[in-house]
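Visitor: With the sequences and hints as input, model every part of the structure.
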Amino acid sequence: MAEYDVVVVGGGPGGYVCAIRAAQLGKKAAVVEREWLGGVCLNIGCIPSKALLKNAEVAHTLRERGSEFGFEVQGLKLDFGAAVKRSRQVSDRLVKGVGFLMKKNKIDVLMGAARFTGPRSLKVKLNDGSTTSVQAQNVVIATGASTMLIPGVSADGERVLTYREAILQERLPRSVIIVGAGPIGLEFATIWNAYGAEVTVLEMLPRIAPLEDEEASKELAKALNKRGIKTLVGTQVEGVETSKSGVKVKVQGSEGAQTLEAEQALIAIGFKPNTQDLGLESTGVAIGPKGAIEIDGRMATNVAGLWAIGDVTGKLMLAHVASAMGIVCAENIAGVESASLDFEMMPRAIYSQPQVASFGITEAQAHERGIEVKVGRFPFLANGKALGLGDYAGWVKLIADARYGEILGAHLVGPEVTELLPELTLARMMELTPAEIARNVHAHPTLSEVLMEAAHALEGHAIHI
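Residue numbering for the sequence shown follows my numbering, starting at -8 and increasing by one per position.
Any given hint might turn out to be false.
To be verified - Distance condition first, Cα-Cα at most 20 Å in a straight line; then the derived DMTMM-like pairs of lysine to aspartate or glutamate:
1) 45 with 161
2) 365 with 397
3) 45 with 407
4) 306 with 287
5) 45 with 287
6) 45 with 83
7) 45 with 382
8) 376 with 410
9) 68 with 48
10) 365 with 205
11) 221 with 246
12) 116 with 272
13) 239 with 189
14) 239 with 156
15) 94 with -6
16) 94 with 149
17) 68 with 83
18) 19 with 55
19) 95 with -4
20) 213 with 48
21) 18 with 328
22) 221 with 252
23) 76 with 156
24) 365 with 422
25) 217 with 48
26) 76 with 149
27) 18 with 99
28) 114 with -6
29) 365 with 206
30) 235 with 252
31) 68 with 161
32) 239 with 229
33) 217 with 205
34) 241 with 149
35) 221 with 55
36) 217 with 55
37) 376 with 407
38) 365 with 427
39) 76 with 48
40) 241 with 147
Bear in mind the hints are in silico, worked out from the structure with no lab data behind them.
Guide: So this is what it looks like as structure tokens:
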């Protein structure tokens, strides 16, 4: 039986990062991964979807905005299959990079399905059909999450899709109904609409992007509707029927019962932690009512030597959060100084068009908690770089404690706002105030000036509005 200091079950953004940090700290480490190194994110999630979104941006400009930019393309042909193939090349390159990092850090990789035989022992059925056993002083569970489906609705991969089939299919659907207006649903809506598909987005809650600031949701809905994406909120799906020609989705909403038809339907209503078929019952690990493994701030479970990170903990199902958890976990295993993570202050991103980025609390949450706040806003319409890009929908909103100036949250809608967010999360971490952001000189013309201007506005002396 092979023995290690650390065995990580799951090779996604949390798992492989945890293994690298453990190896850096002198631990003999191994990763067990049943499908792909890099996990969902690198293979069929965050990374290939961003490649597709870039193609979508170009396609939308060519199809809809040629006259605005002063060019004409006669006989325009868009090859959606080529876009998908490019996304696979991007993904493959990064996955190979993770494999290189495993070798560089002398981390053993076992490709196969792991099952616990005890708190710190595993039997691994390797993908080549053989079986091996491993034991470790510490085992980190990083098995991620899988798609939730609507009760009574199954995904056949042809008419009813999950993100997995959607991101791999090389044909463009003529029409599609997307169930769920979170990041995945909104990003696929952006992609398919840009290539000319008829897109309808359904959301059970009262607004799209329901976890975001209410104003941000409204701004995004306005922009998507302008692009021809139909959004139906407060709408419950009651059934999905498939045929050779397409799907019929029965819904109940403000307009009563109706049946919507399309070529395909994408189910994107959320994820559930992957805790099944791991033999966790042999470990005694505590699992919460929603199926997530319970952990403390060190990423430790209730069982000594057993740790958990990423989506399987149900904390915040984002790749960068999993990576941060992996680093903290490895450092606590090694007994070195680490950090504590404030999940409410983690950055969140939706790569639709326009993008949405945020962290911290909303105005409504501040009021609910009895916190007196000051709010600063600035629109991209008044930003020279955004105007030059021809991409000026949206704004930045900063929320700070009224008494001390502590940054409590930020909510951004607009061009490349996911790239602007780190300045604000860094400011929060280093306990800077909006006054200090306002005094930080930003290069002109840049999109980042919107952050400075919003900070000036919060301080009561907006410059350009």
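Visitor: Could you run down the list of hints and mark each one as holding or not?
Guide: Against the structure, the hints come out as follows:
no.	hint	in the structure
1	45 with 161	holds (16 Å)
2	365 with 397	holds (10 Å)
3	45 with 407	holds (12 Å)
4	306 with 287	holds (11 Å)
5	45 with 287	violated (39 Å)
6	45 with 83	holds (17 Å)
7	45 with 382	holds (14 Å)
8	376 with 410	holds (14 Å)
9	68 with 48	holds (15 Å)
10	365 with 205	holds (17 Å)
11	221 with 246	holds (14 Å)
12	116 with 272	holds (18 Å)
13	239 with 189	holds (15 Å)
14	239 with 156	holds (19 Å)
15	94 with -6	holds (18 Å)
16	94 with 149	violated (38 Å)
17	68 with 83	violated (26 Å)
18	19 with 55	violated (55 Å)
19	95 with -4	holds (18 Å)
20	213 with 48	holds (18 Å)
21	18 with 328	holds (16 Å)
22	221 with 252	holds (13 Å)
23	76 with 156	holds (14 Å)
24	365 with 422	holds (16 Å)
25	217 with 48	holds (15 Å)
26	76 with 149	holds (19 Å)
27	18 with 99	holds (12 Å)
28	114 with -6	holds (12 Å)
29	365 with 206	holds (16 Å)
30	235 with 252	holds (13 Å)
31	68 with 161	holds (15 Å)
32	239 with 229	holds (11 Å)
33	217 with 205	holds (19 Å)
34	241 with 149	holds (19 Å)
35	221 with 55	holds (17 Å)
36	217 with 55	holds (12 Å)
37	376 with 407	holds (12 Å)
38	365 with 427	holds (15 Å)
39	76 with 48	holds (17 Å)
40	241 with 147	holds (18 Å)
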